[in-house]
Amino acid sequence: MHGQPRRPKQPEDDAAAAAKAAKLRELQVQVLHNHHTYTYTEEALGLSFKLLEINPEAYTAWNYRKLALQHNLKELSDPEAIKSTVDNELRVVELALRQNPKSYGAWYHRKWLLNQKLAPVDFKREYGLLDKLLKVDARNFHGWNYRRFLAKFMGVPEEKELQYTMDKISENFSNYSAWHNRSILLSNLLIQQSEGFESKQKIFSEEFELVIQALFTDPSDQSGWFYHLWLLAQTSTPDNPQLISSWPSNGAKLSLCSARKNEDQNMVSSPSSICCYSLKEGIIPIVLYFNDPVKGLNPTNVKLNSDFVFDKDLQWRPLVITDSGYSNCWATYLEIRNKDCSTSQQFSVEVSIPCPDDIMSRSGSHCNCPVHFTFTIELGNNNDEAHDTDLFHDPISWSSSESFQSHGKPSCVAFDQLNITSALVQEESRWNLDRLSDEIDLFRDLPDENSKFAKLTLARLLLACAAIKSRGSSLIERKGYCEEALGFFSDLINLDPSHKRYYEDERSLVLMDQLTCDMETFMKYCSVQVRSNSATLNHVQLCRLSLTRIGFTERMLWVQMLDLSHNKLRSIEGLEALQQLVCLNISNNQISSFTSLEPLTKIVSLKALDLSFNEIGAHPIDTTRYMCSSPFSHKVERCEAFEECRKKSVNVEEFWDAILFFKSVNLVQLDIKGNAVADKDSFATVVMTLSPSLKWLDGTCIH
Amino acid sequence: MGEEGELAAEKHVRYIVTAEKKKDSFESLVMEHLRASGAYWGLTTLDLLHKLHAVDAAEVVDWIMSCYHPESGGFGGNVGHDPHVLYTLSAVQVLCLFDRLDVLDADKIADCILLQIFNITGLQNEDGSFSGDIWGEVDTRFSYISICTLSLLHRLHKINVDKAVEYIVSCKNLDGGFGAMPGGESHAGQIFCCVGALAITGSLHHIDRDLLGWWLCERQCRDGGLNGRPEKLADVCYSWWVLSSLIIIDRVHWIDKEKLAKFILNCQDKENGGISDRPDNAVDIYHTYFGVAGLSLMEYPGVKPMDPAYALPLDVVNRIFLTKQQ
Ligand SMILES: [Zn+2]
Numbered sequence: 001m002h003g004q005p006r007r008p009k010q011p012e013d014d015a016a017a018a019a020k021a022a023k024l025r026e027l028q029v030q031v032l033h034n035h036h037t038y039t040y041t042e043e044a045l046g047l048s049f050k051l052l053e054i055n056p057e058a059y060t061a062w063n064y065r066k067l068a069l070q071h072n073l074k075e076l077s078d079p080e081a082i083k084s085t086v087d088n089e090l091r092v093v094e095l096a097l098r099q100n101p102k103s104y105g106a107w108y109h110r111k112w113l114l115n116q117k118l119a120p121v122d123f124k125r126e127y128g129l130l131d132k133l134l135k136v137d138a139r140n141f142h143g144w145n146y147r148r149f150l151a152k153f154m155g156v157p158e159e160k161e162l163q164y165t166m167d168k169i170s171e172n173f174s175n176y177s178a179w180h181n182r183s184i185l186l187s188n189l190l191i192q193q194s195e196g197f198e199s200k201q202k203i204f205s206e207e208f209e210l211v212i213q214a215l216f217t218d219p220s221d222q223s224g225w226f227y228h229l230w231l232l233a234q235t236s237t238p239d240n241p242q243l244i245s246s247w248p249s250n251g252a253k254l255s256l257c258s259a260r261k262n263e264d265q266n267m268v269s270s271p272s273s274i275c276c277y278s279l280k281e282g283i284i285p286i287v288l289y290f291n292d293p294v295k296g297l298n299p300t301n302v303k304l305n306s307d308f309v310f311d312k313d314l315q316w317r318p319l320v321i322t323d324s325g326y327s328n329c330w331a332t333y334l335e336i337r338n339k340d341c342s343t344s345q346q347f348s349v350e351v352s353i354p355c356p357d358d359i360m361s362r363s364g365s366h367c368n369c370p371v372h373f374t375f376t377i378e379l380g381n382n383n384d385e386a387h388d389t390d391l392f393h394d395p396i397s398w399s400s401s402e403s404f405q406s407h408g409k410p411s412c413v414a415f416d417q418l419n420i421t422s423a424l425v426q427e428e429s430r431w432n433l434d435r436l437s438d439e440i441d442l443f444r445d446l447p448d449e450n451s452k453f454a455k456l457t458l459a460r461l462l463l464a465c466a467a468i469k470s471r472g473s474s475l476i477e478r479k480g481y482c483e484e485a486l487g488f489f490s491d492l493i494n495l496d497p498s499h500k501r502y503y504e505d506e507r508s509l510v511l512m513d514q515l516t517c518d519m520e521t522f523m524k525y526c527s528v529q530v531r532s533n534s535a536t537l538n539h540v541q542l543c544r545l546s547l548t549r550i551g552f553t554e555r556m557l558w559v560q561m562l563d564l565s566h567n568k569l570r571s572i573e574g575l576e577a578l579q580q581l582v583c584l585n586i587s588n589n590q591i592s593s594f595t596s597l598e599p600l601t602k603i604v605s606l607k608a609l610d611l612s613f614n615e616i617g618a619h620p621i622d623t624t625r626y627m628c629s630s631p632f633s634h635k636v637e638r639c640e641a642f643e644e645c646r647k648k649s650v651n652v653e654e655f656w657d658a659i660l661f662f663k664s665v666n667l668v669q670l671d672i673k674g675n676a677v678a679d680k681d682s683f684a685t686v687v688m689t690l691s692p693s694l695k696w697l698d699g700t701c702i703h
Numbered sequence: 001m002g003e004e005g006e007l008a009a010e011k012h013v014r015y016i017v018t019a020e021k022k023k024d025s026f027e028s029l030v031m032e033h034l035r036a037s038g039a040y041w042g043l044t045t046l047d048l049l050h051k052l053h054a055v056d057a058a059e060v061v062d063w064i065m066s067c068y069h070p071e072s073g074g075f076g077g078n079v080g081h082d083p084h085v086l087y088t089l090s091a092v093q094v095l096c097l098f099d100r101l102d103v104l105d106a107d108k109i110a111d112c113i114l115l116q117i118f119n120i121t122g123l124q125n126e127d128g129s130f131s132g133d134i135w136g137e138v139d140t141r142f143s144y145i146s147i148c149t150l151s152l153l154h155r156l157h158k159i160n161v162d163k164a165v166e167y168i169v170s171c172k173n174l175d176g177g178f179g180a181m182p183g184g185e186s187h188a189g190q191i192f193c194c195v196g197a198l199a200i201t202g203s204l205h206h207i208d209r210d211l212l213g214w215w216l217c218e219r220q221c222r223d224g225g226l227n228g229r230p231e232k233l234a235d236v237c238y239s240w241w242v243l244s245s246l247i248i249i250d251r252v253h254w255i256d257k258e259k260l261a262k263f264i265l266n267c268q269d270k271e272n273g274g275i276s277d278r279p280d281n282a283v284d285i286y287h288t289y290f291g292v293a294g295l296s297l298m299e300y301p302g303v304k305p306m307d308p309a310y311a312l313p314l315d316v317v318n319r320i321f322l323t324k325q326q
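Chain order of the listed sequences is A and B.
Residue numbers for the first sequence follow the UniProt record's numbering, beginning at 1 and rising by one.
Residue numbers for the second sequence follow the UniProt record's numbering, beginning at 1 and rising by one.
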């Protein structure tokens, strides 16, 4: 029931209400009876009509009328008689819609009738009905759905329907339904390259002008802003996706990190080599990071050449899926089988994408920049079996690290990845950039300077410009854009506190961008930690920055030790790209479930995890319950770890998320104190049962 | 949120239990054809308020089964009404509440949705869409309902899940939301259905979560309530449709929960129980359920937590999917 005022019951209404109810009850009983006895007489049909006029939602009565029509038509052959039967049925629908213009049953009855193709359709009548209904309620989505149905039924060209949306928008700018239909029709026409729709730039320029007119007329109306958001997204996506980063980087030398005890002076591996911890598991991940989500990487278009023998048909998998299988970040895993060779040897791996045409972005544009890079793997006489325990002879400490520079340039090669394709801003991007700059100038002049939409749109426009600039190399301009966008987000938090945390999330990404976008700035957060066995870890510390989410991980693919403690992180999505990560500190954040840690299960090298002082176990509603693989989403059908824990009297219904997490990681060090879950009885049993390699738990050596 | 302590839980329980008995008012007669859904709304609310034992389980199960059509395998909205997937899901959900799925022939219902309903080939169409009944109305609501029902019965493997997902994705709009059919305007109710179906089939990667999250969190109006589409009035029932979708895509922190809880609590009839669509409007069981369910999703004290995708209490869903199966 909608829009009925609440009022105290008045006794004088009772009699009338009872009579009304009795009549309805009677009709319902009779119609159901006729339905069950297959009675399709004119009188019986009249009763169903009366019922539907009062209650158009009585779906069985519509079914009954369909059966009756099919039955009665069998006896009719005269086209006129058929037409009048159909007309009568159409009238029933019209009267029902008068009672309830949003009746699903009534609208469907009409579509069903037309689809029967019993009589020629009087389209004037159909459009007349629609005009009448949309005049009363221009947002009735049943009406719009019916209009699209008719257009398809009659084969109305999309150009004509596009004009209709224009008419409706001119009548009243605040018609989201019309803007919506316009976006659908326009994208179809652009994809089909229909006459007059060949140039995306021309069409979008016109659309920008149209919507700006609407926005300046009423800056508080949402309809136009959402349309503008769509246009902006179309304008700011890169014309062609490009590879912007990879692991290993071009020219990198990877080696097994052997314990070098007192051998510092004459190291086995060359000084510029990088310890690759996943080599211990016999695996080297290769990560490719694009500036726009792409699809279509496979062993045919990504070629791997090496003098070392491994499976050439390596499958590429998306690591961070953004939208329908499109991903910025793709990975494959080289298996190094005979890693225990006694003599040291070196071999190189060449990764190339000579014809990147099959790699496509969501907008359908192809990768057009061939890729080529090489890296070297050194396998030495490493008979150091207890490497893991060596690295964790003492628990990882998060503070002491040495400056990056003092270690030569072990990993600096990775930074060159930032310029992997410093391709100039292309011709088409020029148009995008000009368009965006025009928009920025326009919105700065918007009369209502406290419009939250105007500020938000300005911030988005600035960030879109910054993103396009990153494809060129105008760092200062880019930093200026980010700085200004940050200001708008701060304003918005005050202006629209209900959406505070949306703006904080957006701001967090801009912050991440600022901190990592150039080497000079980023180096302040980078260092090297040397372990007691001389093994080194490339360390990045981004602490106490009020980060709420993570971005720009393509600039950190080489990081082995990451400290994100004392932020406001509630999600760690994006970290799965860091395939070299060994130690992660996310203590003192707002992580609230194990399901939100699923990205970590994709990092084979991860050994130490500090989760202390978060909110795991404190919330009955888990907002990432469906973001991870589980029996509820049919991604985990059978799980032996459940059985194992059941045997130890663990309540699987309570700890399923912890079980799924710990069975998928292989930690040596875990800190979990300061979370509600850590105080629960069976929790320690779950951790111990599923983490055979665990050595340090909350600072205590457990074996 | 707790300090308001304003949820008139006992009043609502009484309202639901007595409404069950007032079958002869005009208002309940107009809803007669969807009584199976009414039962689901009322009983789930009771369970969320820890009062499911206030009704006689055996009586409810008997009545639900009297809406069953053995020849098709579907349930009608009431005794004597035609079978439809809408009421089939409601019936299955009610049986889940009482842990009585054993009274069903799960394969038969799965077949109803898929294989041999009456004499046509089943309710899943070539393009992956689903019809509501034999008359062929197609709507993403029916995709959700069919997928949810089959999943609760452990029979999801009986349909072509990839096709079903493909169809839902074809209903995705440029604002990130979903409509009733390809080209249909985004609407919070339809978005819940599509997001819920994608969640249950492990296919959330088809959603642009930031884009949809922004659209959904913009449903919050000045009065704190949520609307279903831009430039519409807030309504308690959207507390469920919008909140559950936001939770499933992990963007629920983008709205102001406190303001929303206040809006819902303001829609209570504190004297006679029940919750209405907007403050001071007439209450009904539908909005009572959506109001309490919304509070549940916001972890309101004293209300059991709900599962956002299956629209059942969390403990019920955990029991169904995590209890060791024979
Ligand atoms: Zn409502």
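Hints in this document: simulated from the structure, not taken from any laboratory.
For glycine and all other residues, C-beta sits at the position ideal for the given N, C-alpha and C.
Each hint should be verified, as a subset may be incorrect.
With the Cβ distance kept under 10 Å, some of the chain B side facing chain A (calculated, not the full set) [unchecked claim]:
1) L34
2) H50
3) L52
4) H53
5) A57
6) D82
7) F98
8) G196
9) H206
10) L211
11) R222
12) I249
13) R251
14) R278
Going down the list of hints, with the structure as the test:
Interface hint status for B:L34: upheld, as the beta-carbon distance to the closest one in chain A is roughly 8 Å, under 10 Å. About 14 Å separates the beta-carbon of B:H50 from the nearest beta-carbon of chain A, more than 10 Å, and the hint is not met. The restraint placing B:L52 at the interface with chain A is violated, with a minimum CB-CB distance near 18 Å, outside the 10 Å limit. Nearest Cβ of chain A to the Cβ of B:H53: about 21 Å, over the 10 Å cut. The hint is violated.
Interface restraint check for B:A57: the shortest CB-CB distance to chain A comes to about 21 Å, outside 10 Å, so the restraint is violated. Because the smallest distance between the Cβ of B:D82 and any Cβ of chain A comes to about 5 Å, under 10 Å, the interface hint for this residue holds. Against a cut-off of 10 Å between C-beta atoms, the interface hint on B:F98 is violated, since the closest Cβ of chain A lies about 18 Å away. The criterion of a C-beta within 10 Å of any C-beta in chain A is met by B:G196, whose closest approach is roughly 9 Å, and the hint holds.
At a threshold of 10 Å, the smallest CB-CB gap from B:H206 to chain A is about 5 Å, leaving the interface hint in force. Taking 10 Å as the C-beta contact cut-off toward chain A, the hint placing B:L211 at the interface holds, the least distance being around 8 Å. The beta carbon of B:R222 is positioned within 10 Å of a beta carbon in chain A (closest approach about 9 Å), and the interface hint is therefore held. Here the hint on B:I249 is kept, as its CB sits about 8 Å from the closest CB of chain A, short of 10 Å.
Annotation: interface hint on B:R251 holds; nearest CB of chain A at approximately 8 Å, less than 10 Å. A cut of 10 Å between beta carbons decides the hint on B:R278: the least distance to chain A is about 8 Å, and the hint holds.
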